[in-house]
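Starting from the known structure of chain A, arrange chain B on it as the hints suggest.
Number of protein chains: 2
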Amino acid sequence: MLALTILGNNSAIPAFNRHPTAQVLQNFEQSFLIDCGEGTQLQMEKYRVRNSKINHILISHLHGDHYFGLIGLLSSMALLGRKHELHLYAPAALKEIIDLQLKSAAAHLSYDLVFHPLVKDGLILEEKKIIVSCFRVQHRIECWGFLFKEKKNIRKILPEEVKKYNVPTSFFEQLHQGIDYITETNETILNSLLTIPSTPPKSYAYCADTIYDEQLGEKVKNVDLLYHEATYLHALQKRAAARFHSTSIEAAMIARISGAKRLLLGHFSSMYETLDEFTKEACGIFKDTELAIEGMCYLI
Amino acid sequence: MLALTILGNNSAIPAFNRHPTAQVLQNFEQSFLIDCGEGTQLQMEKYRVRNSKINHILISHLHGDHYFGLIGLLSSMALLGRKHELHLYAPAALKEIIDLQLKSAAAHLSYDLVFHPLVKDGLILEEKKIIVSCFRVQHRIECWGFLFKEKKNIRKILPEEVKKYNVPTSFFEQLHQGIDYITETNETILNSLLTIPSTPPKSYAYCADTIYDEQLGEKVKNVDLLYHEATYLHALQKRAAARFHSTSIEAAMIARISGAKRLLLGHFSSMYETLDEFTKEACGIFKDTELAIEGMCYLI
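Line by line, the protein sequences are chains A and B.
The letter at position 35 of the first sequence is residue 35 when you use my numbering, and the numbering goes up by one with no holes.
The letter at position 51 of the second sequence is residue 51 when you use my numbering, and the numbering goes up by one with no holes.
With the rest of the complex left out, here is chain A (with noise of 0.2 Å):
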C-alpha cells in the first residue's frame, strides 16, 4: 500500500491559503517527497510528516513553486542533526544552486546529500519494495515526471497450514515466492494450500507541470493513481497552452487515455478561490477524479 499526502496544491503564487506544489509518498519504509515549494517544512509540521522518515527527494523543474522550500528543508535537517545520507533527484542545476547558498551561509550540512542529475528517462531508484523511474513531460523548462511502481508482492503464508505439513521455517523465503513444498516421504504440497496471494503492488505516476501530452498515457500506463495538474478551468484551455500548462479537462484525457484507475488533479492557478469546478469538469471525461486538497493523505 501506497499513501501520498498532499502538502501544497496551488501554482506559482500562494493564494487562499493554497501552498505551492508539494507531497509526500509513503510506503510502510519510507517515505519520498515530491517537489518542494516555499514552506513546505512548515506544511510538514503542520500535517506530522516526520522530515527523518524522508530519505529520498524528487524536484521535477527547477520553477520556483517546485523548489524554493527545499534549502529551507536541507538546512533544518542539518540543524537538526541529521546523519543519515539524502538523496536528491533534480535537474543538474540545482546542485549549483544549493552548493551556492550554502558556500555563502559558510554552512556546511552534517549528512551526505547524494545528488543525481536527471538526465534521460528510465530507472532512478531501486528499493526492497518499490522502484521509482522518471520521464520527460512537456513544459517551458526541463521538467520530469515520476513513476512509483511497488514490486511485486510476496505470497502471505497461513500459519496454520505450515503448522499441519510440519514445513520448517528454512522454506518460508520459497513459500512466499509460491513454491511448492515437497516432503520427506516426497509427497508435494501445493503452494496455494500453504499460502494466499498478497495485495497486487500499486503504482503512483506524477505528471509534474506539462502541457497537454497524448504521449503522456503510454508513460504512465494503468497506474492506479495518476497526479496530472490542471493550473485552469477548460475555458482558459488556450492560456493553459501558451504557459505550457493543462486544463481539467485536458488532464481527464490524459487520464482515459492511460488507463489510470483515479486521477487526482492538482497545480491550481490562484485566480481560483474555490475549486469544486475543476472536478465537476474533469468527471464528465473521467469519473474516478479528486482534488488534492492540502493535509489530505490518499491511500493507493
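No lab work stands behind these hints, which were simulated from the structure alone.
Check the hints yourself; a few may be wrong.
Remember, identical chains collapse to one label, so a pair may be satisfied in a single copy or spanning two.
Taking lysine-lysine and the DSSO-like style, the derived pairs with C-alpha atoms no more than 30 Å apart in a straight line are [what the hints assert, rightly or not]: (1) K103 x K238; (2) K280 x K103; (3) K219 x K46; (4) K149 x K163; (5) K83 x K238; (6) K221 x K128; (7) K53 x K120.
What follows is chain B alone, placed relative to chain A:
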C-alpha cells in the same frame, strides 16, 4: 509615526508555529521589508501586508532563516505584474544567488530589481521622510544591522490663526519650517502663534543576529525602539556566544547602554516552546522590554 509588524520571530528551525525572521516597517508613505525568511510571502498574506507598497527590502545576512523567502517573494511580485522599481540592500553574494535562480527558471522579473550591496557603515537610503543607514554587527558571517530615522517633522499650521493674520498660502511652506511671517505693514507675526510643533521624529534600530557587543550601544544610541535578538535565555550564555548569538539579558544590557526607549526581543531558538521567561529575564535589566510576536504591530 512608524509601525513595525512582525512576520517571523524564530531562529533557524521553524517551530511551534513560529516562522523565521521577517519584519515590515511602515510609515505613511511606504513599507520596508527587513529580512525575509522562508514563508514571508505567506505571512504577508496572512497579516494583510500589501507587497505593492514595499519598495525597499533589506537583508541582514545570508543565513537561510533571514532570506530563503526572498526569491519566492520576488517571483510572486513579477507574476503579479509589478512594474515599479524594487530596491534590495544586502550582502553582495545575494545577487549571484538570485541571478542563478532566475536563470535556472528561464525567468525574468517584470520590474527593475536594483541591487545595493552593503559595503560599509553609513547612509544607504534617503527618502522624503526617512533616512536609513546600516552598521556592521558581529556574527558568524558578514552581517548588518539597520537604523531607520524619521526626518524632523514640519510644524503644523493652525488654520484659524493663519486666517486671522491673513497669511497667504504661498508662505505656508516657510511656516512649516518655523519662519516668522512679516505682514505687508512690516509687522512680525511670530511663527509660534501660527503653528505648533509636530511630534518629534522617531527611530528604529534592527540589530539582526549578533553576539553580545557593547559597541552596538553607540551605533543605535537613543533609538525609540530597539530590536535585539535573544536567541537563548541567559542560562545558555556560553552557547549563545559560541554561536555568535545573544541572550535575553545581553539584549537588555545593550538596550540600557544605548539609551533606547523600548526593547523588542526576537529570533527565539526553537528549543523554547513558551517565551515568557525571555521578558522576565530582560525586564530585570531593562524594564520596557516586549516580545516580538508574529502578527503584532508595534507603533513607534
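Intra/inter-copy verdict for K280 and K103 if alpha-carbon distance must be at most 30 Å: For K280 and K103, the Cα distance exceeds 30 Å both inside one copy (49 Å) and across copies (38 Å).
Within a copy, between copies, both or neither: where do K53 and K120 come within 30 Å Cα-Cα? within (27 Å within a copy, 45 Å between copies)
Within, between, both or neither: how does the pair K219, K46 come out at a Cα-Cα threshold of 30 Å? For K219 and K46, the Cα distance exceeds 30 Å both inside one copy (34 Å) and across copies (40 Å).
Checking K149 and K163: alpha-carbon separation at most 30 Å within a copy, between copies, both or neither? neither (34 Å within a copy, 85 Å between copies)
If the cutoff is 30 Å on CA atoms, where do K103 and K238 land: within, between, both or neither? Let me know, please. This pair counts as between: shortest inter-copy Cα distance 26 Å, intra-copy 43 Å.
Check K221 against K128 for me: Cα-Cα at most 30 Å, and say if that holds within a copy, between copies, both or neither. For K221 and K128, the Cα distance is within 30 Å only inside one copy (23 Å; across copies 63 Å).
Homo-oligomer pair classification [K238, K83; C-alpha up to 30 Å]: between (48 Å within a copy, 25 Å between copies)
Hint violations for this structure: numbers 2, 3 and 4, all remaining hints satisfied.
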